[in-house]
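Chemist: Here's the letter readout for the chains.
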Amino acid sequence: MSSPPPNVGLFVTCLVDLMRPVVGFAAVKLLEDAGCVVSVPAAQTCCGQPAYNAGDQTDARAIARQVIAAFEGFDYVVVPSGSCAGMIRVHFPGLFAGDAPMAGRARALGERTFELTQFLRDVLQVPDVEAEYIGTATYHDGCAGLREMGVKEQPRALLAAVRGLELKEGGEAEICCGFGGLFCVKYPDISGRIVDGKVDDVLATGADTLLGGDLGCLLNVAGRLKRRGSDVRVRHVAEVLAGMTDGPPIGDP
Amino acid sequence: MEATTRNFERNARKALADTKLQEALARLSHGFPAKRRQAIARLPEFEALRDAARDIRNDVLENLDFYLERFETRVGERGGQVHWARDAAEARSLVLKICQDAGARTVTKSKSMIGEEIAINEHLEANGITPVETDLGEYIIQIRREPPSHLIAPAIHLSKGQVAESFKEKHGQFPKDRSLEEPRALLDEARTVLRESFLEADVGMTGANMLVAETGTVVVVTNEGNADLTMSLPRVHIVIASLEKVVPTLDDAATLLRVLARSATGQEISVYTTFSTGPRRPGDLDGPEAFHVVLLDNGRTTMLGSELHEMLRCIRCGACLNECPIYRAVGGHAYGWVYSGPMGAVLTPVLIGIEHAGDLPNASTLCGKCEDVCPVRIPLPRMLRHWRQRQFEGNQSSAASRYGLKAWAFLARRPALYRLAVGPAVAVLGMLGRRRGRFRRLPLAGGWTASRDLPAPAGRTFLALWRKRPAGRP
Ligand code: SF4
Chain A
481 MSSPPPNVGL
491 FVTCLVDLMR
501 PVVGFAAVKL
511 LEDAGCVVSV
521 PAAQTCCGQP
531 AYNAGDQTDA
541 RAIARQVIAA
551 FEGFDYVVVP
561 SGSCAGMIRV
571 HFPGLFAGDA
581 PMAGRARALG
591 ERTFELTQFL
601 RDVLQVPDVE
611 AEYIGTATYH
621 DGCAGLREMG
631 VKEQPRALLA
641 AVRGLELKEG
651 GEAEICCGFG
661 GLFCVKYPDI
671 SGRIVDGKVD
681 DVLATGADTL
691 LGGDLGCLLN
701 VAGRLKRRGS
711 DVRVRHVAEV
721 LAGMTDGPPI
731 GDP
Chain B
100 MEATTRNFER
110 NARKALADTK
120 LQEALARLSH
130 GFPAKRRQAI
140 ARLPEFEALR
150 DAARDIRNDV
160 LENLDFYLER
170 FETRVGERGG
180 QVHWARDAAE
190 ARSLVLKICQ
200 DAGARTVTKS
210 KSMIGEEIAI
220 NEHLEANGIT
230 PVETDLGEYI
240 IQIRREPPSH
250 LIAPAIHLSK
260 GQVAESFKEK
270 HGQFPKDRSL
280 EEPRALLDEA
290 RTVLRESFLE
300 ADVGMTGANM
310 LVAETGTVVV
320 VTNEGNADLT
330 MSLPRVHIVI
340 ASLEKVVPTL
350 DDAATLLRVL
360 ARSATGQEIS
370 VYTTFSTGPR
380 RPGDLDGPEA
390 FHVVLLDNGR
400 TTMLGSELHE
410 MLRCIRCGAC
420 LNECPIYRAV
430 GGHAYGWVYS
440 GPMGAVLTPV
450 LIGIEHAGDL
460 PNASTLCGKC
470 EDVCPVRIPL
480 PRMLRHWRQR
490 QFEGNQSSAA
500 SRYGLKAWAF
510 LARRPALYRL
520 AVGPAVAVLG
530 MLGRRRGRFR
540 RLPLAGGWTA
550 SRDLPAPAGR
560 TFLALWRKRP
570 AGRP
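For the record, the sequence lines run as chains A and B.
Quick note: the first sequence uses the working numbering, first residue 481, plus one each step.
Quick note: the second sequence uses the working numbering, first residue 100, plus one each step.
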């Protein structure tokens, strides 16, 4: 590579940090394999969505400031979640409506913020990752990744090159899984019905694996799949792309 | 109608347990969206048409006073009359007065959401006038005394069997053992009943899909043609419409009709599109002797220039309902008042007060599908968030959720403290969950575990593990 390697700040996301660190390591491996220098700023917790979506602008703004300060020194911010990437890119600038300098910094950061598979494909133009996964998988499009970030073809293109993996599309891959952050605990009955529909759709594909780019959705759908006694394996797409599938799938021992 | 928006959660639970309703919702979920998609696929310029529709509606809102005045002038020039109603009560009185002046005993109605919003039927009945809905769906819910469950398909929550039952109960004049198995039979029976009303009615009342400022024309679309009879047979035609329904020109109306039908039912154009301008002129073959337009504000002008401004672009196509995972799970009645789905969750709090409709903006995953399909590109999720913000800032969200959120945010704003707090919690849960990989039940997680297991965390956070990464790596 002739130009200096891109300096990437990995925004781990709170769910990956707390629930499933392997996704973070998979993201680091994919980025490093693609020639990036990856850093993980210690001053990160969450993107602030729980506060933002609950109408708590003050806290959302404070958290946004913290993220901007921690990440604006990097060439790129890469996030293994379309939802948190969307928060940074699409929603941060609006939090500083009355504050032009901060809004400018937020926008500048947003423009350099990408969901992981999107960054690999659209920015680094990685044609192919060296990975193998034996199984048939279906992909769930997280809502914010799909509609705010434009993530759709990128993970599929990368997965298409994984040896041993066959991809089967669900009829309703683009329909919300019913997670919705705090929604799922505030309205458990409705959320339960929606995730049931998602599970039906996953099962109808006959796939043995469910992949996705957002841990929130995956915890939700895995939780329902397991409750219904299904042995479908659920993993974050980064795990498969990085070949880090030795550990248990989500919700399995 | 009495709003039950406060009971959203209870309404929703009831709806989830109602198998007939769930079957109806499954039919809707697979019907309308697919038809919409096919219609759009046949029209390559649909996205450009959406932009044009949005721009027309934006122009209207920017110059609302101008277009309304022009509309009023044109209606006047054609011999009609415009009446202004600040709120529902004023609109009801105006309508009643017109009916009473006409000596009306029966009023035929074509479907109107504004009629539902101001509860005009109840008001007329209370004053000795019989309103008769002439749209089949609306007629069905009228005899069942139910509110509409959908913007364009008011009886979508019912099965054929339920409708047949209601007909047998209501229409005592027909043989008890008649068969109402076929949809055709239901339609014929309704027609027979309604024909009488059409001939008896002294006043016909319609809503309006659009009001054309250039010409003073009222545009109404239906698939049954009932609006035509409603407005042309009786002596008096009353239009009830909210004031933002105005559009500048007939051309603009045509553009909006193109996105409306496709977004609503996947039709290229509705079966009947009726333009009516003023009362019957000398030499006209039919038409009413008097033509009144009641323009309702009901809080809408307070939305102008506010964060909710763009909601006034809405053309009531219903696409956001059809595609909404929440609407599809619980149906329209759970929302507890006239409007439902994402557009209802934004609009209802304006019309009846956020303190009466607090759940509505919160019962959404903010998945964004509504904005994605809205023909006039209304940023519905942003407006739902706006309501949540108003609730939070007005201390209207529940104390438990506020304190929980505040405590979490306190930590999230202090990374070092956050690390100290989450580390042990994750370690304990990781240990407890290791054997099964998930929890079926967990204290304080009842909302989650009611319908799904909670996958167990790995036991160490990513950041803790990352710190231990072999030196020499970046
Ligand atoms: S908000 Fe948009 S999609 Fe929903 S009814 Fe109105 S115009 Fe249609």
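Errors might be hidden in some of the hints.
Under the rule of at most 30 angstroms between Cα atoms (straight-line distance), these lysine-lysine pairs were calculated in the BS3-like manner [stated by the list, open to error]:
#, chain 1, residue 1, chain 2, residue 2
1, B, Lys269, B, Lys259
2, B, Lys505, B, Lys267
3, B, Lys505, B, Lys259
4, A, Lys666, A, Lys632
5, B, Lys113, A, Lys666
6, B, Lys567, A, Lys509
7, A, Lys632, A, Lys648
8, B, Lys119, B, Lys269
9, A, Lys666, B, Lys505
10, A, Lys666, A, Lys509
11, B, Lys267, B, Lys119
12, A, Lys632, B, Lys134
13, A, Lys648, B, Lys134
14, B, Lys134, B, Lys119
15, B, Lys259, B, Lys134
16, B, Lys275, B, Lys259
17, B, Lys113, B, Lys259
18, B, Lys119, A, Lys666
Just so you know, these hints were derived from the structure itself, not from any lab.
Chemist: Now tell me, hint by hint, if it's right for this structure.
Modeler: Hints, one by one, checked against the model:
Distance hint between lysine 269 (chain B) and lysine 259 (chain B) is fulfilled; the C-alpha atoms sit about 15 angstroms from each other, no more than 30 angstroms. The suggested pairing of lysine 505 (chain B) with lysine 267 (chain B) is violated, with an alpha-carbon distance near 57 angstroms, which exceeds 30 angstroms. Of the supplied pair hints, the one linking lysine 505 (chain B) and lysine 259 (chain B) is violated, its CA atoms being roughly 50 angstroms apart against a limit of 30 angstroms. Between lysine 666 (chain A) and lysine 632 (chain A) the alpha-carbon distance is near 29 angstroms, which keeps this suggested pair within the 30 angstroms criterion.
Using a Cα cut-off of 30 angstroms, the hinted pair lysine 113 (chain B) and lysine 666 (chain A) holds, with the two alpha carbons roughly 17 angstroms apart. The suggested pairing of lysine 567 (chain B) with lysine 509 (chain A) holds, with an alpha-carbon distance near 16 angstroms, which does not exceed 30 angstroms. A distance of roughly 14 angstroms separates the Cα atoms of lysine 632 (chain A) and lysine 648 (chain A); the hinted pair therefore holds under the 30 angstroms criterion. Note on lysine 119 (chain B) and lysine 269 (chain B): the hinted pairing holds, with a Cα-Cα distance of about 21 angstroms set against a maximum of 30 angstroms.
For the given pair, lysine 666 (chain A) sits about 16 angstroms from lysine 505 (chain B) by alpha-carbon distance, which is consistent with the 30 angstroms threshold. For the hint pairing lysine 666 (chain A) with lysine 509 (chain A), the CA-to-CA distance comes to about 36 angstroms; that exceeds 30 angstroms, so the pair is violated. For the given pair, lysine 267 (chain B) sits about 19 angstroms from lysine 119 (chain B) by alpha-carbon distance, which is consistent with the 30 angstroms threshold. Between lysine 632 (chain A) and lysine 134 (chain B) the CA atoms are separated by roughly 23 angstroms; this keeps the pair inside 30 angstroms, and the hint holds.
The straight-line distance between the Cα atoms of lysine 648 (chain A) and lysine 134 (chain B) is roughly 24 angstroms, inside the 30 angstroms bound, and the hint therefore holds. This hinted pair checks out: lysine 134 (chain B) and lysine 119 (chain B) have alpha carbons roughly 23 angstroms apart, not beyond 30 angstroms. Our distance criterion of 30 angstroms between C-alpha atoms is met by lysine 259 (chain B) and lysine 134 (chain B), whose separation comes to about 21 angstroms. With a C-alpha separation of about 17 angstroms, the suggested pairing of lysine 275 (chain B) with lysine 259 (chain B) holds against the 30 angstroms cut-off.
Our distance criterion of 30 angstroms between C-alpha atoms is met by lysine 113 (chain B) and lysine 259 (chain B), whose separation comes to about 21 angstroms. Annotation: proposed proximity of lysine 119 (chain B) to lysine 666 (chain A) holds, straight-line Cα distance about 26 angstroms (limit 30 angstroms).
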